[in-house]
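Peer 1: The residues making up each chain are set out below.
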Amino acid sequence: MSTTLVWSTIAIYVVIAIVIAYLSRNGRQNSMSGYFLGERKLNGFVSALSYSATTYSAFMLVGLAGLTYNGGVGALGFEIIYFMGVSLVAIFGPRFWLVGKKYGYVTPSEMLGDRYQNKWVAVVAAVASSLFLIPYSAVQLTGIGYLLQGVTNDAIPYTTGVIIATVLALVFSYIAGIRSVAWTDSLQSLIMIITSTIVVILIVNSLGGVSGFFASIEANDPQALAVPGNGFFNFWTFLGLTIPWFFFSISNPQVSQRLFMPASLKSLRHMLLGFLVFGLIYTVVSVVWGFSASILFPGLENADLATPMLLSSDVVPPILGVIVMVGIMAAAISTIDSILLTLSSLFSRDVYRNVKGEANDRKQLMIGKIVIPIIAVLAFLFAQLELDLIAVLSVASSAGLIVVVPAIIGTFFWKRGTAPGVIVSVTISSILVIYIEATGGLLLGLKSGIWGIIVATFLFIVVSITTQPPEQKANEFIDYVKGRMKNKK
Amino acid sequence: MNQTEKFWGLIILIIVILGYVIPYTFLSDVTKWYGSFLIWSILALITIVANYFLTTDWSDEE
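First to last, the sequence lines map onto chains A and B. Position 255 of the first sequence, counting from 1, maps to 255 under this note's numbering, and the rest follow consecutively. To convert, take the position in the second sequence, counting from 1, and add 489; that gives this note's numbering.
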């Protein structure tokens, strides 16, 4: 792919995205809820596209395509189980939204701290999230570095790609907080879904249409259409991979924080349904992409090269290929900038405010803005290390974030849950997940995510039963939600 | 949880379980497009329908 074409397309994308980010600057950005939640006034359309862009990082078109290339149809199942897990938004979404409005929560860990009436709950949840999310953003940066390096045959060095991504994520976060992120996300989502779908149509046509496409797979590698197929997706691996992702929509703070943002429950509904439609198209596109690469370019040493190979092939016109490539880059950036904002809000709201004592809204916002570049630099440094450790931690990130799920469920459905229960379950299970990931990824044959959810649930229940719950708050909180949910019907 | 949530929540739970069980049992030897590929796609569509009904009465009150 021509380097000039790549640079020109990146330049056009940057200009358009910055203009859109700048235009999104209406409303107040001088408060925590203004800057980090868009004043809780995002409409359903923008929310849906932004939620999609935040969730679907470069992982989909590079990672999922690569997984399909390696393991066949099991990759589709893996992503569909995640997709089914987004239904948790239908149960937890309105509850987050209701209490967010009533109590003014800005972050999910702040909600936990208030509900369990203990500031250390907020601190522990925020620290655990940061621990697992910073490496996750670093992996996105790494992905951009390799992608640009790959499609331009090293003309754009790895570090240049990483620097571009870091700077853009910072700029989008800074211009107008979540508003600019949401609007640039929307632009990126629309471009991606249209261009990647066109690419799939072109590729499938080149293979003789839908029937020719499936006939090619059956002739080429029939096992790719079944699980466990070639053994890549044996049942326990499948279970271990899918369990953490099933809970992704409530365990990942950069995603669950979005449940505070829609203007109304109707907007939240549009966000959910819009995301599901978008997500299904995107999933099928990525999987077909991976299958196509396995037919057209069998025997690749690194499956993550499936996407760059397809984009630079004769089947895809160069201009379309480069748009999708920049789209993948934008997808990764949109995931990083959302994480940057969430992490800085977690730090200023949940760690700084709770540890420091007195910190008004303005001061918290200032701290949050100072922290954004620091987190970006940390992610950048992680990405520069290019260590295996990053891969280890990125796998651990989805498994690690699952440990907060029992506490979140307890927030809305179990009055008996206690702060010591949350602190012990989150702390011990986080350490256990890191230990398992650092020592090979399996304990007694099971992946860290399965251990994470089992141990966190067990500890949360046992420690809660043996300690004193915050009865007054639990009753008020849960009864309020119950009352409001009943009135809706 | 209210009745609508319980009903559609249960449907989704069943869909999730089927998403694990069917491909790894009945369809594990089916190396055709109408095997796991089709069943996961259908289950995904049912998930969208279930979410549609689960959220029909979410109001536009701000």
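If you are wondering where the hints come from, they were derived from the structure by calculation, not from laboratory data. Any given hint could be a false lead.
[To be verified] In silico DSS-like pairs for lysine-lysine, Cα to Cα no more than 25 Å straight-line:
1) K266/A with K495/B
2) K482/A with K521/B
3) K415/A with K495/B
Peer 1: Go through the numbered hints given earlier and state which of them the structure violates, listing their numbers in rising order.
Peer 2: Violated hint (a single one): 2; every other hint is consistent with the structure.
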